[in-house]
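Protein chains in written order, with the numbering used here: chain A, 1 to 435; chain B, 436 to 1000; chain C, 1001 to 1119.
It is possible that part of the hints are untrue.
Pair ranges (Cβ atoms, derived) [as the list claims (entries may be wrong)]:
id	chain 1	residue 1	chain 2	residue 2	range
1	A	Val31	C	Lys1053	28 to 36 Å
2	C	Gly1048	A	Asn279	45 to 53 Å
3	B	Gly744	A	Glu222	52 to 60 Å
Dumping the calculated DSS-like pairs for lysine-lysine here, alpha-carbon to alpha-carbon at most 27 Å [to be verified]:
id	chain 1	residue 1	chain 2	residue 2
4	B	Lys632	B	Lys761
5	A	Lys315	B	Lys935
6	B	Lys514	A	Lys83
7	B	Lys935	A	Lys280
8	A	Lys178	B	Lys969
9	C	Lys1091	A	Lys194
10	A	Lys219	B	Lys761
11	C	Lys1018	A	Lys194
12	A	Lys315	B	Lys922
13	B	Lys654	A	Lys280
14	B	Lys514	A	Lys315
15	B	Lys989	A	Lys406
16	B	Lys969	A	Lys175
17	A	Lys415	B	Lys989
18	A	Lys189	C	Lys1091
19	A	Lys219	A	Lys181
20	A	Lys189	C	Lys1018
21	B	Lys696	B	Lys657
22	B	Lys654	B	Lys632
23	A	Lys406	B	Lys607
24	A	Lys4	A	Lys29
25	C	Lys1031	A	Lys194
26	B	Lys766	A	Lys280
27	B	Lys922	A	Lys175
28	A	Lys189	C	Lys1053
29	B	Lys591	A	Lys170
30	C	Lys1031	A	Lys189
31	B	Lys607	B	Lys591
32	B	Lys969	A	Lys170
33	B	Lys654	B	Lys989
34	A	Lys67	A	Lys415
35	C	Lys1053	A	Lys4
36	B	Lys766	A	Lys219
Calculated from the structure, these hints are not laboratory results. Quick reminder that beta carbons are idealized off the backbone N, C-alpha and C, glycines included.
Take a look at the letters that make up each chain.
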Amino acid sequence: MVEKTIQDAVCTFCGCCCDNLEVKIKDEKIVSVRNSCAISMSKFLNYDRERLSTPMERKNGGFEEIKFEDAIEKTASILANAKYPILYGWSLTSCEAIEIGVELAELVGGVIDNTTTTCHGPSIIGVHDIGESSCTLGEVRHRADLVVYWGCNPVHAHPLHMSRYSVQSKGRFRKGRKDRKLVVVDVRKTDTAKQADHFIQVAPNQDYELLSALRTAVKMGEIEQDSIAGVPVETVEEIAELMINCEFGIIFYGLGLTMSAGKSRNIDAALSLVRELNNKTKFLIMPMRGHFNVTGANQVTAWQTGYPFAVDFSKGYPRYNPGDTSAVDILARGECDAALVVASDPVSNFPIAASRHLSRVPLVTIDPHVTPTTLASDIVIPSSFVGIERPGTVYRMDGVVLLTRKLVEPPKGVKSDEDILSAILRRTTELKGVA
Amino acid sequence: MNELQLRNGTVFDPLNRISGERMDLAIRDGTIAEAVSSKAMVIDASGMIVMPGGVDIHSHIAGSKVNSGRILRPEDHEKDVEERTSITRAGVGYSIPSTFTTGYRYARMGYTSVVEPATPPLKTRHTHEELNQIPIIDKACFPLFGNNWFVMEYLKEGKLEECAAYIAWMLKATKGYAIKIVDPGGVEAWGWGRYLKRLDDEVPHFAITPREILRGLCKINKLLGMPHAIHVHTNNLGNPGNYLTTIETMDCVANLASSGKPIIHITHVQFTGLTGNSWLNVGSGAPEIADYVNKHDHVTVDPGQVIFGDTTTMTADGPFQFLLHKLSGNKWVNVDVEGETGAGIVPFRYRRSNYVNAVQWGIGLELMLLVKNPWKIYLTTDHPNGGPFTSYPKVVTWLMSKGARGRVLAKINKNARRRLDLPGIDREYTFEEVAIVTRAGTSKSLGLSQKGHLGIGADADVAVYNIDANSVDPSRDYEVVRKALAKAAYTIKNGKIVAKDGEVVATPIGTTYWVDPKVSNDLMQQTTTSLSAKFEDYYTVRMANYPVEESYLKSPTRIEVLAEV
Amino acid sequence: MGQGRSKEIGKLSDEYAKNVGICEFDPEDLKSLQISSGQNVRVTTNHGTVVVKAALSTQAPHRGLIFMPYGPWTSMICDPETHQTGMPSLKGIEAEVTAAPEERILTLRELVAYISGGK
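Using the sequences and the accompanying hints, generate a full structural model.
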């Protein structure tokens, strides 16, 4: 029995990228994890379930095992012959794999898009207009005396966020919870809201109005209504006062802002409010990125193409126009003729108009697990887990970059996204007749 | 056995005192050789100028703030695209080009080495990821130390040697090349939204001053035996009257100098070269600063030349960037980095008709022309802060031709023109001086002994420009010069032709240089023990996860130096 | 939390369906609709219809608002319109809810078969 403990492992669940995990391994199996949240522990202990073990091709209504080389050949053929393929996913794999993905999309003149497109795409669109006053998470831990969670529920989605980085953490200048104030804004009293000093219940789809009202109050303007978005004007003014008078405030926001009516306009309003607050005090804002490397997908795509997601190479150079070059739109309009999905499950999450088209075109999926997307695919290639079976670079939600480790061996025959994509790139290059 | 011969070119190799001599150059296996065999490939360089490949000492090309800039400004890229070819990857410009495009555009101009001058240590893995994907050129990066909590505490406690060991540890952890200092103490104050103006203002909560930080790091630079001087972006950037801060900063370490070797480099002086006390009456502090530089051997400078047009400002000077946002009304990105530094990004347009911008344009050129010794000054635009690096050929024409300057002067704000000394300056750079400020001098300053010259054994990084030194008068024919510098006839990297007539023909990967000061084992042991006790108090990452492995760099070159401690 | 934990167990698992094929109601709404927690309900929007299990919200009050975890069942009824942002409309959609005690919740495999048109 071989037992070892690995210290300082990086978690590959959410954008918190906690890097102090202690993983115990017995006979090449992970048996326990310390310092993780419950979801992380579930991942480390259960990642091996519902696992894909061999490449498969859809035949006669079912799936048949095929050899790896054949899977690569067929995938390369699909991509090389497609007029407008889409390469989607990317947020649950390493930067090293994403780099190859961008090259592949460029080679085949297709579109590369990542899960930002249905998550914080509006946040990025807002940044294009306004900019963003932000920081790394340590700054919050050390300095923040006012923390606002808006349209997000870290207790459920980023469980260690509050204790590692914000209200419950210990920093150089703030010793703990009593040195900080917590404000939560949401349409319902979430478990995060239950811990707040101030809970603001905002009427659904009216975050924009509330943000604008706050901005007016911060600028010392008069608000004429008695209530805005279901919030009494006195409360709006009270929160504005809290914000102006703090020493260091931050708004963390999530899908409550990006997904409700207004979308990127909501983010515009939030970014503008924070920018305005910098005339009075130190104030920052940060989106709560969900997947552990969605930030990395944005970073890699941006430095290679200039743009963070929804990049179209059909003209031989990068083009970017969310709404035209983004995955859901392209699929819903039936515009692409082939798809490669890497480490993502769009059939689960996309509106049916989009996922239907996705399942209709030749679809290749690279994933460790069986998912609705793999079930709808024509070719499925199993892959290993970044940060568990393969090292890889990832970006935390605040842009801090970490190298995740290999903890255990992958199942026999299961390769990494990097190796699979390299093989596809090589063969597709040959088929396209370039050097 | 890779052999190349450049025949009959007009060679400018200032480090070897060759100035316009017609001679052959032999290249074998990537270095300059004595001679080559008859099997060598021959390039006829008759009627052309041959120089070492360009070495850019200060250009923001990779890392967290550069990428945030790309994301901030899709509009910057839309007008300037590069199509994929069989040899080159697709990409975009304009002021913040994508990684592949960056390498190609430098190579087209005959540049072969570029330094990213400001990387936040905590995020330097990101910088290396990008540098790994910039083709052709050799690279290095400068980690930021001027607002680092450990540094400020060590210096406050008088623990100079431990601080030196810490810096050595950090250089190894970040694979960095030199000590970069931006707005010392000021960016920590900005962590609270506050500002530091003077060298003797105290940093909130740290009770140390910018002067103490500068002097401490300057001493440590010497103790570690670092090849480059401390590289400094001074306090008080963007404030009228700040030329005094520049002089004060240069002077504050004057008594630490010895042996005439430069110990401080002040970068993009144009931004901290303003006289006056309000935006209405700013003027050029270049004459005063140049005077100081002329009289002192312990300093070197670069101008950060302004180019009229649209660009993107990006620096670690968070507080300044907020002020620029307020002044211009343009969108603004800010990223403070825990325990270390900050960054800010604001798009900006320099306008000829704008009094202040026109004065700024004049300051950079005055500095380049009034500093007498070309070994003390380097050509930069602080890309992209002053303008994109693709403007370098234009800047060269302004240095070489009073007429070229005059054409621009005629179109700038007339009050600025009256205010500047520039119209009255007759000096015109020679080709030799251009070679010094773009390659020989910069390599010497960086301590890269195998770069920036064409002596036997040097790296065969060579630029060939289609300029006939006999018939072209750069003062009159500046357009010819500009076109030739923009599209090198040949760019050779480690003996391989990478660009021809401005087209990229090969895309090898360059090396990333980093400096590893060898400190005594006991001292390093002591320092890492005290570091690990505090590390997780200061950072939100574990100490084990902080350092960047050498294997992470695609092609690293380690330069070991022996420290005095 | 249950959604995340069970997602890591596997999307085909019963755990996942139990945690994600649901619709959370404010307790007062359940009362006035005369639906009991654990009963099947049909949720219909302008874009589709799906049967899920009614659940009691622990994060009430939120009269008039129902919450469905983002996943295969919500993809049946959300709006693909992205308003030139790339982001489909996933929150704040008007929906009609009816008790559906006789109707069955589709399994994940059945959902996939429906989406891919029996491919």
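Hint check against the structure, violated hint numbers in rising order: Numbers 3, 7, 13, 27, 33, 35, in rising order.
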